[in-house]
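Number of protein chains: 2
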Amino acid sequence: MSNLPLIFWFVPFAAFTALGFSWYFYKKMIKEDEGNETMRKIASHVRKGAGAYLKQQYKIVGIVFIIITVIFSILAYGLGVQNQWVPFAFITGGFFSGLAGFLGMKAATMASARVANACRNSLDSGLRLAFRSGAVMGLVVVGLVLLDISIWFTILNQFIPEMEGGYRLMTITAVMLTFGMGASTQALFARVGGGIYTKAADVGADLVGKVEAGIPEDDPRNPATIADNVGDNVGDVAGMGADLFESFAASILSTALLGAAAFMSAEPQIQTNAVLAPMLIAAAGTILSLVGIFFVRTKEGATMKQLLKSLGLGVNISGVLIIIASFLILYALNIPNYVGIWGSIVIGLLAGIGIGQSTEYFTASAYSPTRKISKAGTTGPATVIISGVGVGLVSSAVPLVIIAVAITLSYGFATNFNFDFANLNQGLYGIAISAVGMLSTLGITLATDAYGPIADNAGGNAEMSHLGPEVRKRTDALDSLGNTTAATGKGFAIGSAALTALALLASYFEEVRMMFVKILHQPETLINGVPAKDAAFIDFVHHYEIHLMNPMVIVGIFIGVLSVFLFSGMTMNAVGRAAQKMVDEVRRQFREIAGILEGKAEPDYARCVEISTKGAQKEMLLPSLLALIIPVLVGLIFGVAGVTGLLIGTISSGFALAIFMANAGGAWDNAKKYIEEGNYGGKGSDAHKATVIGDTVGDPFKDTSGPSLNILIKLMTMASVVTVGVAVSYHLL
Amino acid sequence: MSNLPLIFWFVPFAAFTALGFSWYFYKKMIKEDEGNETMRKIASHVRKGAGAYLKQQYKIVGIVFIIITVIFSILAYGLGVQNQWVPFAFITGGFFSGLAGFLGMKAATMASARVANACRNSLDSGLRLAFRSGAVMGLVVVGLVLLDISIWFTILNQFIPEMEGGYRLMTITAVMLTFGMGASTQALFARVGGGIYTKAADVGADLVGKVEAGIPEDDPRNPATIADNVGDNVGDVAGMGADLFESFAASILSTALLGAAAFMSAEPQIQTNAVLAPMLIAAAGTILSLVGIFFVRTKEGATMKQLLKSLGLGVNISGVLIIIASFLILYALNIPNYVGIWGSIVIGLLAGIGIGQSTEYFTASAYSPTRKISKAGTTGPATVIISGVGVGLVSSAVPLVIIAVAITLSYGFATNFNFDFANLNQGLYGIAISAVGMLSTLGITLATDAYGPIADNAGGNAEMSHLGPEVRKRTDALDSLGNTTAATGKGFAIGSAALTALALLASYFEEVRMMFVKILHQPETLINGVPAKDAAFIDFVHHYEIHLMNPMVIVGIFIGVLSVFLFSGMTMNAVGRAAQKMVDEVRRQFREIAGILEGKAEPDYARCVEISTKGAQKEMLLPSLLALIIPVLVGLIFGVAGVTGLLIGTISSGFALAIFMANAGGAWDNAKKYIEEGNYGGKGSDAHKATVIGDTVGDPFKDTSGPSLNILIKLMTMASVVTVGVAVSYHLL
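Quick mapping for you: the protein sequence lines, in order, are chains F and A. Residues in the first sequence are numbered consecutively from 1, following the working numbering. Residues in the second sequence are numbered consecutively from 734, following the working numbering.
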């Protein structure tokens, strides 16, 4: 048992501050007027649908959690490869992640009608309300992560006994990492289930409503329109929240573990500080996000451009401040080579901005890639699809280059560009902390993300409530702004997932190395004149042969790529199946319920909500379990070498495929919008119809398969980290 | 200088036999009647178009070859890292590969009208003529590969001086490998250029002809129809020929190199035999393919099923015979562990069959995946695309599993499942020789492949010549059979490319190791009690750190995945751009040339041929150069570790993406055909229109980007092998 340094308490302080302000924004938001009777009714429909869905989802996820926890308990007590704290850490991670998603969704569903109503007054008051409601979610996510980390770090510090040679902090941080696995398991179900739900409804609504019946989006005559709006909340809000909760947690925790490993031979105080550094930077970023949020204010009658600028101002202020703050933190903590490590953090932040900007370039209709897709609309839907796929594939190159450069530089700065083997651990710490840097201002970046679906739903509410054209014009403007921030946010989510997964991969190596030390050597002994903990890795490279000529590694990489493609295919097929059922149902209602298209009869919204819910529940299980089973199975057959190959194959190809899908989908969406603005014949032209088809194809790309891959790559790595003992001790080949 | 063993002369014997029979089949074919005036005229149009295109392409490729040869000459004489024979080997590889494509295409364009004419008599005579014409190409390809290998092996054996410790055969086989790089450079241009050509024409013809004007495929009123038929020849015939020429050559040559490395410490005779083994197995397979070809004969009035069976009989007979023959060859050569290595060969053959069958399952309308896509047609084009993408992504899992199992087993058999580091070289030899096994009967499998486009063109000729419905029914039947064999062939081409690329990757390691031995050690000295040539690899693992924790390796893998996605995106965009030009031109002709749609005026075919030619020439250069430049650039920045990462990233993700694209494209094609057979409303229904869009999207997937990836993964590996000295001696980080 050791006393925690005073500065640690800044982490729970930041957690409570974030949660407190989140509560404050929420309370302020629900005091706003929810509008007329119809608006309230529609909002309540959506709220109920979303609540019912999440309840269903949490039930299924609960069962999965119970099973996994039992397995962990057996592993912990029976095989002795894991610490007995693991099952509890796993559960709290899942619980807090689910809670973050739930609260974010609650705020979003409360906000939509109120934002629509605010737009009756002015565009500006609509924007501010939507953004503050998004901030509820951003602050809840970062607050809960910091809270959970604070609690566990305090508890484990209290109960885990002293160990020799810096092993204590290794053990503490390793146990805490399982908290991340709970979060990512929860997140995968949220992303996959929510993604299938939202796109089954969206595709079904669009295909029959827009294409066949010729009625506009969000038209109340469309039976699937409530389900579509519910989907935005369970997919884009709850899913996104759980996803970034996981990235935020995992980047901090893996950096802590790698800090413990990198500075094991340093003074105990230095090691502790290296573990605290990512937590403190995240805490500081949270406070600074709050500062940024308060800078987002506009005067009455501001133009769209000014609004966007105002949003950007908040994000940029937080970014600049965290650059300064993280330097001071590293300096105060007296971390060796603090200037270099600070460089790694800055690299992470810049990489996040770079990926966001490249996403904007490839998906915004202001630039040529998306306009080319619009132009392809003049030669029909086939060329729209071909050029969208082309743009998506090419677009993945830029973030891949950015990540490759970020890896090289963040490793390089942390090691003063000395790529020698001896500096490996410092370099890995550099990569991991760059992920923390990228995510440090998550409080505000997530607020701008969550703003998108809230604005979208407000538009839906306005449309369904038959509010005047000037209101709809305002909600459309908010929605359009939301599309820009959502695209940037998606790129950011994927980029942070890739860096986080790499940090987790490094943690995997550290854990294997530690097990290897425990099994084969005492850490203090010298092997060929090298302390065992360093020599062990050299042995490890040989013993497990994690070099690229080992067939196990190569086979692992192939299986990693396979997992990514199979998983994406399964989620695509799931959307296809569920959407077809939705199409059949909407067609049936149009056929059987008399007067529905004339607006004289109300459609059976609930039936469509039920189809989406059931479809999502049924379809999410298999792909999600795949992510948990494959790493264990590969470990059991091919051992550590196979698992390392598996992970790097999954991360690299999963990242590329995720970017491809997100950007192709975003570009198709905006190519359609560009035509709707009056180009190439405008609304109703053949080119427009062609791009509507492109947009529909893009829906599962950008909102189901693409974002689910973010979590797949993190969860597979997490599952490998947590079950590392299995791969080390038992393997067939 | 050493005398070659007598048995070596079996290789040139097989080469001349294959070329002789190819000549014989060709002579017999052109004696057949080419039909009436119109048929001759159309065939001559296509022939001229194809010839003109290839001439253009060879000009550009010629310039590229001159530049690369100059660079190699500088490397060879200036930097001294390469042997002075390299530039010449490179040129002959390119020359023979181009020649194989040219001769195959010549035979194909000569055959189409004759096959159409033969179908006026009977289905059977049409099949036999088409198959024999395809055999011309199959035999030319294998014959020329074996001829080139024979010539170079004889010359190098004559001129390369004796060296200590088995280095002589290492040097000879390493030089010969550059012959493969010439072949793959040629092949990439053929596949990319031909692929863009054929799909620009096809997409353009379909979009305006079928979708807008409502005229059938291959209708002479369509201005792009000749270009479409030319495209089949330059893309599917010449491109496929150059592709498999390269795989056949590279698998034999890399196995020879790995044989020389694996048995370096054995008696010189054993090492020589290990080098000869892949050549002899390929030679035996060639003779046995010929035997199989003669078994493909049917009696008059045979049903389609019997025809397919007859085709299968030929392939199976060749397969069974080569299993027996390869055992005898390995036994006679007295190769250590010949039973195990024979097992590796059998695994390769089985893997080829397995991949072919999985391709058939996922793309034939007899099975549920394709039928589901047809069903999705009832809910419009968007669901057709979504389900096709889903099927394609899922389908890639099966070949990936097959390759993963094949790697494990072929390595395992060759090492008696002893995965210790000491057996690494034997294991790699096992993986490489399994690729030779897979490709050994290429003579006949390629004949069944090349048969497809010939039948397709015969159908086009029959349609354009207004032959009677009974003739068209027969050519349709042949075409349908051709679609099945083409899909299987595509899977086979990709599978063999993956195994070949892995063999090349292993060769890369061997070359690095040899350079390392040369630079740092004398091979005879003991390092820590281990002979330098083994110890060198251990040093190499450390010195170059090709383990998965090295950031250079990780960055390399990311860049590898990037290359694959970028390359595919560029080729997709190229088709999109060229196709849009074609659409504009066809629309213009329909608009401006009066009477064209009534069949009263002849369209300007030549203009469309020109658009495809120019489009292909312009668009093929950048993606192809990318494949050559990236490996060198990565080597210069990140060194050997970066290059190894690059290659494994490229191979794994390129393989998966290629299968995805080929299978999605094939499934869309057949989903459309299934509806045309009268399901879900049949021809002209909305479901049919939706699947026609799917088919059009699938065209560049399956015939441009997908197959080009086969060569990309081989060429990038080849380029790394040949420029290995650059990465070893000069790198930034």
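There may be inaccurate statements among the hints.
With a cut-off of at most 25 Å between alpha-carbon atoms, the simulated BS3-like pairs for lysine-lysine come out as follows [to be verified]:
| no. | chain 1 | residue 1 | chain 2 | residue 2 |
| --- | --- | --- | --- | --- |
| 1 | F | Lys618 | A | Lys1314 |
| 2 | A | Lys774 | A | Lys1347 |
| 3 | F | Lys581 | F | Lys618 |
| 4 | A | Lys1105 | F | Lys581 |
| 5 | F | Lys372 | A | Lys1347 |
| 6 | F | Lys372 | A | Lys1351 |
| 7 | A | Lys1314 | A | Lys1347 |
| 8 | A | Lys1314 | F | Lys375 |
| 9 | A | Lys1108 | F | Lys618 |
| 10 | F | Lys210 | A | Lys1351 |
| 11 | F | Lys28 | F | Lys48 |
Computed footprint of chain A on chain F, listed as stretches where at least three residues anywhere in the stretch have a Cβ under 8 Å from a Cβ of chain A [claimed, not checked]:
| no. | region |
| --- | --- |
| 12 | 233-247 |
| 13 | 652-663 |
Calculated directly from the structure, the hints in this document are not laboratory data. Heads up, the beta-carbon is just placed ideally off N, CA and C, and yes, glycines get one too.
query = Tell me, which hint numbers fail for this structure?
reply = 1, 10, 12
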